[in-house]
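Trainee: Now for the letters of each chain:
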Amino acid sequence: MSIKAYESDTRPDWCPGCGDFGVLAAVKDALAALNIPPHNVVISSGIGCSSNFPGFIKTYGFHGLHGRPIPVAIGIKDANPNLTVLVTAGDGDEYGIGFNHMIHAARRNDDIKVIVMNNEIYGLTTGQLSPTSRLKQVTKTSPSGSIIYPLNPLAALIGDGATFVARGFSGQPKHLSMLIQEAIKHRGFALVDVLSPCVTWYDIYDEVRKLMYKLEDKGHNPTDFYAAMKAAKEEEKLPLGIFYRDETKPSFQEMLKEQIGDGRWASKSVTPLNSETLRELEYEFS
Amino acid sequence: MQEVKDITIRLGAAAGDGIQSAGEILAKLLSRSGTYISTFNGNQSAIRGGHVWFHVHAGTHPVYSMGYGVDYLLPFTQLAYDEHYSLVNKGGIIIYDPSAVTARDLGADISQIKSPFLATALKYDKYPIMKNTVAVAEVAALIGLGFDVVEETITSQFAKKPEIAKKNVEAAKEGYGFGVQAGVRKALKYSDKRLPFLHANYTFSIGAVAAGCRFYAAYPMSPASPIVHWMTAHAKKLGITVFLGEDEISVINATIGAAHAGARAMCATSGGGFALMQEAVGEAAMTETPVVVVNVMRTGPSTGLPTKTSQGDLNMMLGISQDDFPRAIFAPRNAPDAYDIAVRSFDIAERYQMPVMVLLDFQIADGGYMTIDHDFEPVDINRGKLLNSDGTDKELHNGTWFRRYQLTPDNISPRPLPGTPNMMYVAKTDEHDEWGHDLSDVLAGLKESVLMREKMQEKRMKKMEQLKAEMKAPELVGQTRADLTIVSWGSSANPVREAMEVMNSSGLKINALEFSDIYPLNTQAIVPLLKSAERLMIVEANYTSQFGGLLRKEIGIDIKDALLKYNGEPIYPVEVERMVRNIMVKEVESHVH
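So the protein sequences, as listed, match chains A and B.
Heads up: the first sequence runs through residues 1 to 286, numbered per this note's numbering.
Heads up: the second sequence runs through residues 1 to 593, numbered per this note's numbering.
Any given hint could turn out to be false.
In silico contact screen, one side only, chain A against chain B (beta carbon under 8 Å); selected entries [claimed, not checked]:
#1 S8
#2 L34
#3 I36
Sample of chain B residues with no beta-carbon within 12 Å of chain A, all distances over it, derived [to be verified]:
#4 A187
#5 T287
#6 E350
#7 E454
To be clear about the criterion: a stretch of chain B counts as covered by chain A if any three or more of its residues have a C-beta under 8 Å from a C-beta of chain A, and this derived list gives those stretches [unchecked claim]:
#8 19-33
#9 69-78
#10 194-201
#11 234-242
#12 257-265
#13 371-384
#14 417-423
Calculated directly from the structure, the hints in this document are not laboratory data.
The structure displayed is predicted, hence computed values, not measured ones.
Heads up, the beta-carbon is just placed ideally off N, CA and C, and yes, glycines get one too.
Starting from the given sequences, assemble the full structure and let the hints guide the process.
Mentor: Below is the structure:
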């Protein structure tokens, strides 16, 4: 499928040079490469610069509340598992206010793909400390340097039992597209953390370029839990790629299908009950 | 033996003593003998210890509430005796085991029968739990039920454990014998008609699925939990997807997601959980996503009294989330009502593309079963302006986007579902134009956007005008002309109706207006009903008369005589009667039945 199929009429309102442009290009590229028709994709987002994403790509979208795109995405996927459901949001949305939802979506192995544009700062609210901002980082809410340790989302999610955890860089959209494609092909929950620098409030392009390397170039085995954890905790360098991947665990939606039966999805079965069933249900209490 | 029209029975014990199960057997005995029942569960937020009680009101005609006083009291502990003996009616009977309870001198009007529940139970089992069976069987004899129905009910109750069933039947035989010895006192007219009894959590659940709901989301919270128990128990058979969220925020957002994808979706909680859902109710209204959200009320702000009843959350429903947005609010009066309202809720949510909120409460939901004397009818589903086919209509397309929020004469826009080719749109919690473009960032404040914000806000709010016209007027119960009209809403209708029947049979002229369609109020239909009333009184279970406040605000009628109960206990018919007599004869009458 051509990338043009996903072309929106709306120009992104991101600052020139914003990392999120690279993520937008990578998502379109990944969907096109996998031949997923635009009408079978739903993108759920929250609030923040990166969460304006859905209107900038021609697919179905749900531009929801701050921190809540994950449960909305799960509801969509549960009701119609034929859809490809992505979450696109920022580090404030997913690692701050909505992190609880991420932990539990990973635990359930819900078949949604969460792409976090992580810029280590709150951008749209004009540059405050975020959950991934670093110790000593100077921001509007940490003028004397941050005295709060940052969250390590990759280690947290690998430890929690997430079945697919990857990190990409918006400056490398081809590599990022590969990661997103693998996430979509994955059986269940996937987190793709994307370092997507904020050129206005906290520009880390040069730093990322200096420190990054690709895990696949170093012979990393993504099915090795301890190797994945070690890579997630690495501080000297900045590994990119698929940290962890477990294809042995069925997703929640696969197990749900087993329990309620194939094709009985909530969006497909808006049908009344007949009087015989109603009577049976009523007389269970007698 | 005296043949009566209704009987009240109360069991009291410590939590963990098996009183719920004993009460359930009693309710079944009566339901399987063709009588109408209404029960109440005086339980605590404890698994063992403390004090719990179970009340059954049974009648040969429909009964709605607790009835008057207690005809038969079974106190299994001293605390149960001390807490409840004062409620026993003249001519009533207390049946107790002297090894557990020391009786007081209550005079000649009340009989007190000593029965060795515990010693009898221990003959059949090393645990004392079967004392309930002995006692219930004794009451069955005292109210003139045959042993065959006792045996059948006990056997079916323990169907999976035939050994235990057998022991219980033997113990019951002895207990029944005690009753026969004491002689039948008060009896109802029985038949072999078997009536089902349910509470409003269950009838609402059945109504929801009957109306096509196959997506349910919840985080357990009393007294809403029976809904998630019912949904999960029937998930396989009926094909229900249940989302067990990590909190109520995820619960309502998943419900909105499922509805967005085309499911009929619902979630339920109690007040505290609803408070967490607050922001997302506005989200459903702004994105015009149809969802049904149930609040099964309990007492108090914060944690409050989790197992006690209240109607204190109406103001929260009316004011939930920021700024103005459309919503519908219903409050079923009882279990049969809840089925019908479940069905209507889903149609209204979809036809108007807005959140529908439903208020149940402990008294009619988790806490009280009621007889349903008719079969639930299959329903038609009206999905409003849902589109299923490809959009080729140029008016609805700009080449990229579907015109999801089209301004239309009836203010309701066409709604396609994700997965449909050529109908893409983005549902927006930001203010938006007809195509789902944000008005909140680069367009905010520009002339065109200011105008569009006005149009969009008007579009959403004007849906309320159309909805208002189809909201039902309250049901007028009793004679058309009366000296006093009692206004109630939701569950408070039940004790009012029961008290009214008793008072009217004693010569008073009282009628009742029972509201179950709460918001928006169909003022055109309501005003004449309220204005033509001779005198008005209101009954509700909260401190400030929240529904009275709504009537004052919307209709300009101030009902000064109000029975307001907020201690967590159910409203009793006798309390309604006391208040009425107080108003009508201007003196307190210590009327004891």
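Trainee: Evaluate each hint against the coordinates.
Mentor: Going down the list of hints, with the structure as the test:
no. : hint    : in the structure
1   : S8      : holds (6 Å)
2   : L34     : violated (16 Å)
3   : I36     : violated (12 Å)
4   : A187    : holds (22 Å)
5   : T287    : violated (7 Å)
6   : E350    : violated (9 Å)
7   : E454    : holds (21 Å)
8   : 19-33   : holds (count 3)
9   : 69-78   : violated (count 0)
10  : 194-201 : holds (count 5)
11  : 234-242 : holds (count 7)
12  : 257-265 : holds (count 9)
13  : 371-384 : holds (count 9)
14  : 417-423 : holds (count 7)
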